[in-house]
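Chains as they are written, first to last, in my numbering: chain A, 27 to 116; chain U, 27 to 116; chain V, 82 to 348; chain S, 82 to 348; chain R, 46 to 224; chain L, 46 to 224; chain F, 1457 to 1823; chain Y, 1457 to 1823.
Mixed in with the good hints, there may be bad ones.
Sample of chain Y residues at the chain V side, in silico, Cβ under 7 Å [claimed, not checked]:
no.: 1; residue: Gly1483
no.: 2; residue: Ala1516
no.: 3; residue: Gly1676
no.: 4; residue: Thr1800
no.: 5; residue: Ser1801
With a straight-line cut-off of 30 Å between C-alpha atoms, the simulated DSSO-like cross-links for lysine-lysine are [to be verified]:
no.: 6; chain 1: S; residue 1: Lys290; chain 2: A; residue 2: Lys44
no.: 7; chain 1: S; residue 1: Lys290; chain 2: A; residue 2: Lys55
no.: 8; chain 1: U; residue 1: Lys52; chain 2: U; residue 2: Lys28
no.: 9; chain 1: Y; residue 1: Lys1796; chain 2: F; residue 2: Lys1703
no.: 10; chain 1: U; residue 1: Lys44; chain 2: V; residue 2: Lys308
no.: 11; chain 1: U; residue 1: Lys49; chain 2: V; residue 2: Lys165
no.: 12; chain 1: Y; residue 1: Lys1796; chain 2: Y; residue 2: Lys1772
no.: 13; chain 1: A; residue 1: Lys44; chain 2: S; residue 2: Lys302
Partial selection, computed: residues in chain F whose CB lies under 10 Å from chain Y [said to hold, decoys possible]:
no.: 14; residue: Ala1499
no.: 15; residue: Leu1501
no.: 16; residue: Pro1538
no.: 17; residue: Pro1690
no.: 18; residue: Ala1712
no.: 19; residue: Gln1714
no.: 20; residue: Thr1800
To be clear, the hints were calculated from the coordinates, so they are not data collected in a lab. Quick caveat: nothing in here was measured; it's all calculated off a predicted structure. All residues carry an ideal CB built from backbone N, CA and C; glycine is no exception.
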Amino acid sequence: MKLAIDETRCKGCNLCTKVCPYKIFKEGKLPNLRGIVVPELDRPERCTNCRLYHLYGRQLCGVCQLTCPDQAIHWVEEEPYEPHKVAIEY
Amino acid sequence: MKLAIDETRCKGCNLCTKVCPYKIFKEGKLPNLRGIVVPELDRPERCTNCRLYHLYGRQLCGVCQLTCPDQAIHWVEEEPYEPHKVAIEY
Amino acid sequence: MSFEDWFRQDRLPHIYCAGCGNGTIINCTLAAVDAMGWAKEDTVFVSGIGCSSRAPGYIVTDSLHTTHGRALAFATGVKMANPKLHVVVFTGDGDLAAIGGNHFIHACRRNIDLTVVCMNNQIYGMTGGQGSPTTPRGCISTTTPYGSTEPAFDLSELAIAAGANYVARWTSYHVKELERAVKTGLETPGFSFIEALVQCPTNFGRRNKFRQVADQIEYIKAHALLKAKRDRLLEQGERIPEDMYVVGELMRRSRPAMGLAPTEVKP
Amino acid sequence: MSFEDWFRQDRLPHIYCAGCGNGTIINCTLAAVDAMGWAKEDTVFVSGIGCSSRAPGYIVTDSLHTTHGRALAFATGVKMANPKLHVVVFTGDGDLAAIGGNHFIHACRRNIDLTVVCMNNQIYGMTGGQGSPTTPRGCISTTTPYGSTEPAFDLSELAIAAGANYVARWTSYHVKELERAVKTGLETPGFSFIEALVQCPTNFGRRNKFRQVADQIEYIKAHALLKAKRDRLLEQGERIPEDMYVVGELMRRSRPAMGLAPTEVKP
Amino acid sequence: MRREVRFSGFGGQGIILSTVILGRAAVMYDHKYAAQTQVYGPEARGGASMSAVIIDDEAILYPEVSVPDIFVIMSQEGFEKYGATARPDAIMILDSTLVHSRPGCTFYEIPATAEAKTTLGRDIVANIVMLGALVGYTHVVSEEALKKAILDSVPKGTEALNTKAMELGIAIAGGKKQP
Amino acid sequence: MRREVRFSGFGGQGIILSTVILGRAAVMYDHKYAAQTQVYGPEARGGASMSAVIIDDEAILYPEVSVPDIFVIMSQEGFEKYGATARPDAIMILDSTLVHSRPGCTFYEIPATAEAKTTLGRDIVANIVMLGALVGYTHVVSEEALKKAILDSVPKGTEALNTKAMELGIAIAGGKKQP
Amino acid sequence: MTSRLEFWQGNIASAEGALAAGCRFFGGYPITPSTEIAEHMAAKLPKRGGVFIQMEDELASIASVIGASWTGARAMTATSGPGFSLMMENIGYAAMTETPCVIVNVQRGGPSTGQPTMAAQGDMMQCRFGSHGDYAIIALCPASVQEMYDLTAKAFNLADKYRVPVFLMTDEVIGHMRERIIVPDAVEHTGRPAFVPGTLPFKPGADLVPGFPEFGKGYGTHVTGLTHDERGYPCATNPGLHAALVKRLVDKIESATQKLADFDVVNPDAEQVFIAYGAPVRTVQQVIHDHPDRKIGFLRVRTVWPFPSHALALFKNARRFIVPELNLGQIAREIERHAKVPVTSVPKLGGELHTPGELYAVWEAGA
Amino acid sequence: MTSRLEFWQGNIASAEGALAAGCRFFGGYPITPSTEIAEHMAAKLPKRGGVFIQMEDELASIASVIGASWTGARAMTATSGPGFSLMMENIGYAAMTETPCVIVNVQRGGPSTGQPTMAAQGDMMQCRFGSHGDYAIIALCPASVQEMYDLTAKAFNLADKYRVPVFLMTDEVIGHMRERIIVPDAVEHTGRPAFVPGTLPFKPGADLVPGFPEFGKGYGTHVTGLTHDERGYPCATNPGLHAALVKRLVDKIESATQKLADFDVVNPDAEQVFIAYGAPVRTVQQVIHDHPDRKIGFLRVRTVWPFPSHALALFKNARRFIVPELNLGQIAREIERHAKVPVTSVPKLGGELHTPGELYAVWEAGA
Ligand SMILES: Cc1ncc(C[n+]2csc(CCOP(=O)(O)OP(=O)(O)O)c2C)c(N)n1
Ligand SMILES: Cc1ncc(C[n+]2csc(CCOP(=O)(O)OP(=O)(O)O)c2C)c(N)n1
Ligand code: SF4
Ligand code: SF4
Ligand code: SF4
Ligand code: SF4
Ligand code: SF4
Ligand code: SF4
Ligand SMILES: [Mg+2]
Ligand SMILES: [Mg+2]
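Starting from the given sequences, assemble the full structure and let the hints guide the process.
Right under this line is the structure:
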């Protein structure tokens, strides 16, 4: 499970940056091509939902997703071979 | 002060016969020309309103008048010389 | 002056059926208006459509007999445009609470300085006895031939929840109390709602086993529960029988109001 | 399945402004619907006109985007004609309580088996920010340039007085609670009303000193008073500050209801 | 032949029901044509009630009654409003208990309300007495048809009373009683 | 001479205000004629914003812009939706901070948003910078008129900032600054 | 056919016609002189597994009917002038969303509260033009109790076939009159155009009418009163799309004018021709009956909207059209548009029919 | 005259015109594209001792306006299609009770929700026939921001003089456009016909209009939407009385058609004549301007209802009338009734104006 913001939907409202108990969303800095400043993810591996979803088989937190007014946040399955980009970056 | 039912207005509903504490209104017996059975007055001199209106200078009961849905009950001033018909009848 | 002076004598007798309670309610209302000492030219009656709403046509003042359900919206225009006028609204359960429900709750919310007298006969009288939003469950009407199944409104409760400053309920039996309640309503700044339960012998009574007008008056009398008594019963943990309805002053408060007359400057 | 599966992906992103709370409310509602395990073909969304009322257009089921204020009347037709359908109504404060107020109170009275989610942003969003019947006193809108002077409705109280079986109020901040309240509403036979306070940054926030979306969310969060806490305060005889609003489950009861699905016969 | 019958009286006398019965008799049992109409007063009740029925062997085209051939009048107000202008060649059947005036045309006085009350014990069937008399005098429909139509239209349990009322009317009109 | 100017960008940039200012300058201070129109998107906000003004010495009859002579473009989406079809003989002034594409017609690149932010400290006045540049390049209205119209239209307390923004625009366009 | 004879009131016949046509939903609000229809439905629908609901007002009545129609139910309402006026917004919605529904208007004297118990035909133009914007509808006008039954049943078939609101524009005289009626054993019941799953829900067929994607079948149709594309999605700023949609909504009805036409022609070689619909038909019939020696032309129209203007040409010798109406000449206006010869409007207000004498006098004056 | 120059939006000009005319009451409900009128009144009326109230819906808006009008206040509302449809019942009430009031309809694309932000002229027939029963109204159509001001002010005078609802039928283009406008120092303010105390409140004068018995003066007038006699008392079953009342309500307007007529004639000797009102006027003007060498006739109408049909005769050489409208040809229908030569309707839907090229092409095709 991996957290992802859909750039084609996000409108940069930054509500996700307010609601995540782990402060995983940070206000972005640069506008994308559509002129929107999409938030960045700060060590998303800390997200309880991502970590434990498969273990418990159900949504554990998901507050960011429920809150995101633009349906821009979701989780995608990680391909087993996919390098954990975020983990590497930090 | 004298109690009077206006025959051109009364529709014969007999509500007055229910509300007067002194039972001054009695159900009538014969239809008038309009086909309506207007109540009769039973010793109307017993009406507190009639008796004491001038003394107190205000409405004392008037429930029959307030209740009469057809605005058919009112009081008329008695001419001083007018014989008290009702008193004579009973 | 007496309440009789407020009638258009040339229009009487009115069109109401024999024993219809509407005439009684008009008497009580006019008695209260009369007691206010208002000038006729400063007083306006407004109504919608229905038997009850015919009332203003029998009153000597300026009056607006409007469209079904809209009396309060018209009255709002009259009152806001000239707050010096005293505006009294006559309406029926159908006019006020079926088609006119929206204007009802909004006039309560705005708490506009009107006094509304609703002749609640629990039926559409004028159109021949269809069910209304206040027709009690189980009652027969021409559109509820098997007995009404829809829950009914408590109009007074609705007025309170929507924001009216003054709310009282009486009946065509309680003429003195009703007159007093209307008077209090007239005196209260803001929206005053007086619900008057009335008999419609032709279209309600006849279908619901009240053979005589007096039978329905008896029923109305017997099922009225004084608010004070209701409160006592509740306190004592007793159940209120379902077919009783509460009468009395149900709300008096002073929320902010609209359309108030500029206070008259004494010379 | 997740609530995301209920969106028409081809219609996203929606037309709402950045930071508009409506999207959040749709998420919570769809999450609750999803949790009910209903089939998409048995579920119908209905709405009126307004930003909030655009919601059904983004949902994959059959849906009716109707006329301003009339959603509940259309929904009544859908539900009564086919009680097997689950009917959920999205509406706004203007749609539901201004122009649609009459259908609102009558749907509550009939206690018809619908679940209504009202996105109350206390403003007319779609038409550019005019005052609504829930605009708090003093607030600026394009039709209340000097601050609103009309008293506002408490929509949930109105729903209770009018007869709804289930009434709850939450906000776009309380996403989990809101989801749960909608679910309870969906489960409750009869009329369920869930009021969701939401931010309209464009037309409410901007004019009322919320420079950032988050400021308004902060405000909403800070002024929400849990019902349980309110009751405690009242018991202790404390005053509830005027600018607080109560959140939580405000009513749950089982008055007679209409439009209930015939209980499914198990084979 | 087209015959126009106008009934009038006051609310509660069953004026409208009478014309419905008459029309029904003509259509359902005499297999003629009929068109029944009525005046709806101001929506609320009270005042004079009026109703009419046209009976014809051919289809009825113009359905309004203009110059009635036959009047059935059951109240003084009804007479004044709807009967006073009867043409000389019309026939009027009036309830002499309730109507004081008399028209210029041929008329029959039936003390229907009094008879209904005294003979049958229920003044509510005065209109059926009038119907019986009407048919007795004018034969706008057959007695058989009238009887069936009455039985179709009256509340359960009142069949005998209403049949008697009809027969009483026919008898008053000098017709034969049903066996 | 009739000149049609089309502005586009996104909501919040003051696209509409810009055309109102321009029209106002023409009408109130240059005593010309102007007709300003705008596209109202789906009632809710967001997306590309477009507005136009026609300026003429004579009364304006047909009030819609068909083939604009001048474009002021302040977003990439605005360019794509409203600027891409500009005729070769048109003039386009674009905010190079926000518009990536370039048209086939004559165009001037103004880094208005960047300049407004860096030079003036407030990117909100980027549109006024563009207005200044527009007038500097095209003289559709006089600088004097523009300045007065700006002062009429901006919130109290921001007059100096806006005047500076306008002057900055004019300067970028190579015109003389106001003294 | 085991049809049966009845002596019914017009309003009852309309209600029975609806029931025979399979109407399963009635949402209404009482109003004189239409109320008997609601009352009859209240008594009968529950027994037939249908739903009667008295709504809070007429706005809600028509809304509930449209909602019910989307579940596939044949649905109707009945009203009179003031209620009709209140329905106008949602009638436009039904037209825009192509929702089949039947609306009976038992016309009474207007404007406003007017004459609640008297007959009129004053809402004929309103029925065509009373909602905002351009659209088209179908209106049928019965002239007898029999036609109250027959045309109500027909209205349902037309509403379904064309996916449009169909109006039974009758009046107090026909609605309240009792007459002989032959009740057929069954009435024809044609359905709604079939929806092909997987196709676009608002893509029209050759007859310009799209298939009907009934709710509850899993088609997932979005229905909106906004201008929408063939998927049903809002698309409210595209001029071409809007123009095409609205033109189609009007064309699907107007191009079917000849198919929809329902009229009788009497004496097509006459020089003076009456044109009538609804109650005045009866007077004209009487005039013709009373004057067998005269060549009195008569175009008796049942489908008034779309108006069958092609029928005018059938009267080759016509020198004049005489149009008696219980209004100030509403359909006469429409006839004036098409007629090559003078049109004489014979308005009558107040609730009474024209007498045969009045109409014959008009005819004779021109003979 | 110290008139002043402004650069205003059409809707603002309409609001300012109303204020200048002494409008003291605005009851409204927001709707695109008319909302700016309400918003401007909300800001301005309180400062001028007037009342702005946002009502709960359009039914209530027009009701409040009528109520306010009876207190003597000049009163108005503004709306667009869906709200206009909702006002229909009470518009009939205003007509029946002869209540002066002004209703602005900034037309947008219909039917139904349609195109909320695009221009149209689709409510022209509705404005005339949208309420039940027979009645008549006055409708003015501005074609510029200047006329938004001038005709709104004029509307109040006409409403008062004829005691009738007067409509300003404008559209999104004119309502939202900003243009140069010369604001006069003052506008003419004619009053309501005087009521003579002691006379019957609904007894008409020679011009068929009764004096206005303002509420609050002690006249004790009963106002009802029921058919009423000259005392104002309900009298709903008297056919003659109803007929006379309704005919008077219509006649007082229609007999004043020539007085009410407000049109310009360009090239009266032309063979092909454009007829336009509202926004399309601008396109026709452009066509004429662009083709000074062509004799292009133009009847430019400001008072659309009652339609000044006598103006058609001014074009003696007319071979054809060309009627561009932002609808499917609504006023063209009316013109067809009166025209002796063919009428070419040039409908345009979708929100854009006809281009000058489009219209010139139509003209040229017939040249
Ligand atoms: C828009 C509209 N719908 C329906 C009617 C018909 N109508 C007249 S009065 C009435 C009901 C009145 O009921 P209520 O207000 O309770 O008055 P009541 O006659 O019982 O006193 C109805 C439905 C109407 N006049 N206008
Ligand atoms: C009959 C009618 N009147 C007015 C409008 C204009 N209108 C569209 S949405 C709206 C207000 C919506 O307010 P709300 O329901 O609170 O929705 P929001 O946009 O705030 O979510 C109005 C007045 C309309 N579409 N129809
Ligand atoms: S909440 Fe959603 S739309 Fe808002 S910034 Fe975060 S991802 Fe973007
Ligand atoms: S699911 Fe919860 S923990 Fe995970 S990112 Fe979202 S808000 Fe943060
Ligand atoms: S209450 Fe009035 S109307 Fe009724 S019987 Fe008595 S006097 Fe007559
Ligand atoms: S006033 Fe009172 S006491 Fe006198 S008659 Fe009337 S009810 Fe009886
Ligand atoms: S119908 Fe009922 S409410 Fe109407 S007048 Fe008769 S009794 Fe009164
Ligand atoms: S205007 Fe307000 S409610 Fe509408 S989309 Fe924008 S933020 Fe949301
Ligand atoms: Mg009632
Ligand atoms: Mg809102």
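Inset, instruction - Taking the numbered hints from earlier one at a time, note which ones the structure violates and give those numbers from smallest to largest. - result: Hint check: 4, 5, 11, 14, 15, 18, 19 and 20 fail, others pass.
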